[in-house]
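Sequence lines, in order, name chains A, B and C. Under my numbering, read the first sequence as residues 821 to 1249, first letter to last. Under my numbering, read the second sequence as residues 21 to 278, first letter to last. Under my numbering, read the third sequence as residues 41 to 369, first letter to last.
Simulated from the structure, these hints should not be mistaken for laboratory data. Each hint should be verified, as a subset may be incorrect.
Stated by the list, open to error - Simulated pairs of lysine to any residue, SDA-like, Cα-Cα distance not exceeding 20 Å:
id, chain 1, residue 1, chain 2, residue 2
1, A, Lys1235, B, Glu145
2, A, Lys1221, B, Lys233
3, B, Lys233, B, Asn262
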Amino acid sequence: MIKNAFHKFADSTKAQIIFFAAYVLITAFGLFLLSDSVIAFLVLLLSILILYYLKLNVRIKWALGLLIIAVLVPFAASQGSSYQSFMDVGTLVLIYVAMALGLNIVVGFAGLLDLGFIAFFAVGAYTYGIFGSTQANKFMPFGHFPVPGDAFWLFIPIGAIIAAVFGILLGIPVLRVRGDYLAIVTLGFGEIIRIVFNNMDHPINITNGSMGIPSIEPPSFFGIPIGQPSQFYYIALVIFMLAIYVATRLEHSKLGRAWKAVRDNEIAAQASGIPLVKTKLAAFAIGASFSGMMGSVFAAKQMYIDASSFTYLESTIVLVMVILGGMGSIPGVILGAAVVIILNNQVLTSLSTWLTQLSASGVVSVPDALSPAKMQRFIFGILLVVFALYRTKGLIPYKNKKVDAAHLKAEAAVKTSQYEEHPEAEGTH
Amino acid sequence: MNILEVKNLTKKFGGLMATRDVSMNVEKNSITAVIGPNGAGKTTFFNMITAVYRPTSGDILLNGKSLVGLKPHQVCHFGISRTFQNIRLFNEQTVIENVLVGMHQRLKGHWIGTLLHFPEVTREEEAAKVEAYKILQYVGLEEFVNESAGNLPYGAQRRLEIGRAIAAKPKILLLDEPAAGMNPKETRQLTDLIHDMRHRLDVTIILIEHDMKLVMKISDYLYVLDHGELIAEGKPDEIRNNQRVIEAYLGKEATQRG
Amino acid sequence: MSQIIQLLPQVLVDGLTLGFVYAVVAIGYTMVYGILELINFAHGDIFMTGSFVGAGVLFTVMSMGFMSSAPTMVLFMIMILVAALITGVMGVGIERVAYRPLRKRNAPKLIALITSIGISFILEDAVRFIADWTTGNYIITTRPLFQHKFTIDFHSVFPFFNNATFQGSFLVVSIVTIIMLISLDLFVSKTKWGIAMRAVAQDRETASLMSINVNRVISVTFFIGSALGGATGVLFLIQYGTVDPYIGFILGIKAFTAAVLGGIGNIRGAMFGGILLGLLEMFAAANLSTITHGAMGSEYKDVFAFIILILVLIFKPEGLFGKATIEKV
Chain A
821 MIKNAFHKFA
831 DSTKAQIIFF
841 AAYVLITAFG
851 LFLLSDSVIA
861 FLVLLLSILI
871 LYYLKLNVRI
881 KWALGLLIIA
891 VLVPFAASQG
901 SSYQSFMDVG
911 TLVLIYVAMA
921 LGLNIVVGFA
931 GLLDLGFIAF
941 FAVGAYTYGI
951 FGSTQANKFM
961 PFGHFPVPGD
971 AFWLFIPIGA
981 IIAAVFGILL
991 GIPVLRVRGD
1001 YLAIVTLGFG
1011 EIIRIVFNNM
1021 DHPINITNGS
1031 MGIPSIEPPS
1041 FFGIPIGQPS
1051 QFYYIALVIF
1061 MLAIYVATRL
1071 EHSKLGRAWK
1081 AVRDNEIAAQ
1091 ASGIPLVKTK
1101 LAAFAIGASF
1111 SGMMGSVFAA
1121 KQMYIDASSF
1131 TYLESTIVLV
1141 MVILGGMGSI
1151 PGVILGAAVV
1161 IILNNQVLTS
1171 LSTWLTQLSA
1181 SGVVSVPDAL
1191 SPAKMQRFIF
1201 GILLVVFALY
1211 RTKGLIPYKN
1221 KKVDAAHLKA
1231 EAAVKTSQYE
1241 EHPEAEGTH
Chain B
21 MNILEVKNLT
31 KKFGGLMATR
41 DVSMNVEKNS
51 ITAVIGPNGA
61 GKTTFFNMIT
71 AVYRPTSGDI
81 LLNGKSLVGL
91 KPHQVCHFGI
101 SRTFQNIRLF
111 NEQTVIENVL
121 VGMHQRLKGH
131 WIGTLLHFPE
141 VTREEEAAKV
151 EAYKILQYVG
161 LEEFVNESAG
171 NLPYGAQRRL
181 EIGRAIAAKP
191 KILLLDEPAA
201 GMNPKETRQL
211 TDLIHDMRHR
221 LDVTIILIEH
231 DMKLVMKISD
241 YLYVLDHGEL
251 IAEGKPDEIR
261 NNQRVIEAYL
271 GKEATQRG
Chain C
41 MSQIIQLLPQ
51 VLVDGLTLGF
61 VYAVVAIGYT
71 MVYGILELIN
81 FAHGDIFMTG
91 SFVGAGVLFT
101 VMSMGFMSSA
111 PTMVLFMIMI
121 LVAALITGVM
131 GVGIERVAYR
141 PLRKRNAPKL
151 IALITSIGIS
161 FILEDAVRFI
171 ADWTTGNYII
181 TTRPLFQHKF
191 TIDFHSVFPF
201 FNNATFQGSF
211 LVVSIVTIIM
221 LISLDLFVSK
231 TKWGIAMRAV
241 AQDRETASLM
251 SINVNRVISV
261 TFFIGSALGG
271 ATGVLFLIQY
281 GTVDPYIGFI
291 LGIKAFTAAV
301 LGGIGNIRGA
311 MFGGILLGLL
321 EMFAAANLST
331 ITHGAMGSEY
341 KDVFAFIILI
351 LVLIFKPEGL
361 FGKATIEKV
């Protein structure tokens, strides 16, 4: 009975639309009323995942998804005092999704394990951090800094380009290294970048060393200063859309096929005419550019950066997003990033607060050492191991794009070429 | 006219001499077989032609131009494609994507064009898919078009490798034991396919094969390697009666079987 | 220049101490890589766990009244044996639970690497949690066990050298390391298990055809590598007095660098690579500031190690003593 009803539901577009609309409206209304409830916020976000599985035209799905993320979520959350903190989490999710999409190109498509990926984020962040504050005055022979807030927009492409250049500079020597060594070399590179940024206050003060760069200029939009998380949310959203567009377009292009060919079999890929180093470099550079763009946004949002935001732990967290979601799977990676950030910034902190309250009221005694917010590594470690062992393909496994065979057959029949049907090979199997 | 000339090709791995002083002339549009017992250096020979290994000494000339020192993908650009003894497909990709990867170097579209929706890139991509489908029809795999390559049955995987290799429109096609693991029916179809490719695709074929029946049936010319050295060459009939070959290769094989 | 020469004796002593630690940890990496072609990221954390187990044993024994007056040497032996045993068993357990299932289903290397990163994180936090819970602080400091100071009088023999001073612990670390290195070398070259280990490293399939129980050999490898790593953790604790749950990460990468330097899979190479890296690093730490006229100080010593790693992997991936391998096509 239930199974039958489920199948009916799965086949009926109309029923699905009604269900989805009802779900979205109810949860949005719920968040509107229970404006400070994290759970209501999460339940509303869950609608995006439901949307993904609905049987609808892809374009309609995109439009609906964008509508929910860009309009409905901010509006429904706007009533409570947690509005800015929700939008802050939302911005972080978007930042990390874009980064995870970048890493997914490197790890998921091209099969190159990069354990220092956060370095590119750092490069983007420091690029805006240095020039968007008085820091640049300390070593630049000309010009007056900080640059005005309107120039921030320029730093998004600049961050992308500089990160891509770093990706290429790292890649040229490193990509000649054999597969599993690459992991440790990129890890080393990530640490080098961090240590260098942490110590470049002498002999020339470029990064202000471990003191970090304070008072980074907030961006401004035609003179309107942008400082609220709810405003950064929209900047991050635009870059996030760009990242999704680039990743999905490239995935099934000539370059995307070359990446996957290199991942699946390097020797056969080369024999098929794919230049190995160039293809891998493209993955490094394009993946890095996503991080570079978001780095600039991050610096502007935080208004303060130092090297401690760009540790190996951060690189691994981005990796967890990719593994959790599903290597090579764009929807998976988006889900993975959202889950990890929400887990890290909402669920764990809420749990910790709750446990502290319980301990304070004497209900249970949980040692401070076990506070969930401190157990990040443990939790991410478990996630990595469990997914690697039991669900290697992640939450939403990668699916090959199918071609329309009937259409191709019709086209092939019209077009003549040198391959005519082979009389003997026909009709086997 | 010789399309490929191999001159005194030698490869040493440390102290081991994998091939020694091998020379060959391959006529355009011919089917040439390289045979010899296991470990004779046949695959090493292919690997040198396709630049997987760099020869210790000697030269390889394609239409008079040396291939030594090129990268593997450049050799493909020059017009040499190959299949592998131990099948090397892109297992996670679909069958048609495997063929499309084979067309890689012929596609002009740049990824920036893909991002900006340049109409010529879109058109090229569409045309490429149709052509890839035709290639699949040609090698008899169109029913598997959307299947993951890794899920194909063994014989079909071998044919997909051939499909991927001819997608590059090579001048020379190297087949490394194409019939290995095939049943008699599949082998017969393969024989026909090889024959047909030579004429229809205007390609020169060099193959390594252990199936003597197949080799003798389709080859115009044979080279016999043993312990890295060329011990005989000639037309199938000459090789069949060559005493040295019988001793080194067929004889040994026969005693092993007997 | 003269300043650099003056400091050389002290650099030598400090570099050797650090180098011994790297050498033994590097062996763990090289043994596992030699057999499984896996960079076992968790190995650095096994080392770290060993140092905490050592500290735990020390605290426990000291709190038992009748043992607190036991001779230092006895105490030290107990620490090192318990740590080696526990980490050895842990290593075997990790291999069983996390790596063997992947090997069985022939998973890509990338997946095994990722698993080992996960294990490394789990260990770091588990140790932090236990230490924090039991002592109230996850950074552990122990009282020095061998604190007698020695001075080698280089200056009176070679006037251009300064004197080098070291603690008694340096002698202990050196002697124990040398004993471990020699016994391991004998084990691998002379015993049945050692020979089986080398056979499996060379060709797993053929070895299994020769009726070698490959899984058991891998377990033994993990036990020995991890036990040595754990024991070295205790040596580290004795020498430096303070440990935290995150020491394993950087030290692990450096030890891996040492293993690569000596040619991965090559046990003697790893020993040599470790000592070389320790010396180079201490030399850099002591002299970078002098050499660059203050532009870079000892804070760049980690960068220095990473740069060595990257350079070796790019230009001489087979290491100083390894053989270049050819991928089979």
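How the hints compare with the structure:
no.	hint	verdict
1	Lys1235(A) <-> Glu145(B)	holds (15 Å)
2	Lys1221(A) <-> Lys233(B)	violated (41 Å)
3	Lys233(B) <-> Asn262(B)	holds (16 Å)
Violated hint: 2 only; the structure is consistent with all others.
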